[in-house]
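Let the sequences and hints guide you as you build the complete structure.
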Amino acid sequence: AILQVQDKEVLASQLLVLTGQRLAHALLHTQTREGMELLARLPPTLCTWLRAMNPQDLQNTEVPIATTAKLVNKVIELLPENHGQYSLALHLIEAVEAISLPS
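Under UniProt numbering, think of the first position of the sequence shown as 1, with each following residue one higher.
Quick caveat, the hints were computed from the structure, so don't treat them as lab data. Here the structure is a predicted model, which is why all the values come from computation and not from measurement. Certain hints may be false.
Here are the simulated distance ranges between beta carbons [unchecked claim]:
| id | residue 1 | residue 2 | range |
| --- | --- | --- | --- |
| 1 | 83 | 33 | 33 to 39 Å |
| 2 | 52 | 30 | 15 to 21 Å |
| 3 | 34 | 87 | 22 to 28 Å |
Computed list of lysine to aspartate or glutamate pairs in EDC-like fashion (alpha-carbon distance at most 16 Å, straight line) [stated by the list, open to error]:
| id | residue 1 | residue 2 |
| --- | --- | --- |
| 4 | 74 | 94 |
| 5 | 70 | 94 |
| 6 | 8 | 77 |
| 7 | 8 | 81 |
| 8 | 74 | 97 |
| 9 | 74 | 9 |
| 10 | 74 | 7 |
| 11 | 70 | 97 |
Don't be surprised by glycine CBs; every beta carbon is placed ideally from N, CA and C.
As structure tokens, this is what we get:
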């Protein structure tokens, strides 16, 4: 399906929002101790961005974190390094990987 997309940057930006909504749901709405500790370690720009996300828009809140990790990696592939959201995507990868690792 990705071969059919004309503007990959737009697709990547939309997928970035989706991953942000998933991560916001996982960290902010489940309110686990581990999630709160991870939030405290994230860069302030990422925390602010995550708090601005609206997880109510999610169709499915039970997506495995490994699936979200794959999606963030796809976003990194699609975004050029000079794109405004590239560093945000890199921070998201770190956050998703931190959730994936058992503490």
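Hints, one by one, checked against the model:
Restraint check, residue 83 to residue 33: a C-beta distance of roughly 34 Å satisfies the suggested window 33 to 39 Å. Taking 15 to 21 Å as the suggested C-beta distance range, the pair residue 52 and residue 30 conforms, at roughly 18 Å. Between residue 34 and residue 87 the Cβ separation comes to about 25 Å, which falls inside the hinted range of 22 to 28 Å. Proposed proximity of residue 74 and residue 94 is supported: the alpha carbons are some 14 Å apart, at most 16 Å.
Distance check on the hinted pair: residue 70 and residue 94 sit about 12 Å apart at the alpha-carbon level, within 16 Å; holds. A distance of roughly 10 Å separates the Cα atoms of residue 8 and residue 77; the hinted pair therefore holds under the 16 Å criterion. Under the criterion of a C-alpha separation no larger than 16 Å, the hint pairing residue 8 with residue 81 is consistent with the structure, at around 13 Å. Using a Cα cut-off of 16 Å, the hinted pair residue 74 and residue 97 holds, with the two alpha carbons roughly 14 Å apart.
Proximity of residue 74 to residue 9 is assessed by CA-CA distance (about 11 Å); at most 16 Å being required, the pair is judged to hold. For the suggested pair residue 74 and residue 7, the alpha carbons sit about 14 Å apart, so the restraint of at most 16 Å is met. Between residue 70 and residue 97 the CA atoms are separated by roughly 10 Å; this keeps the pair inside 16 Å, and the hint holds.
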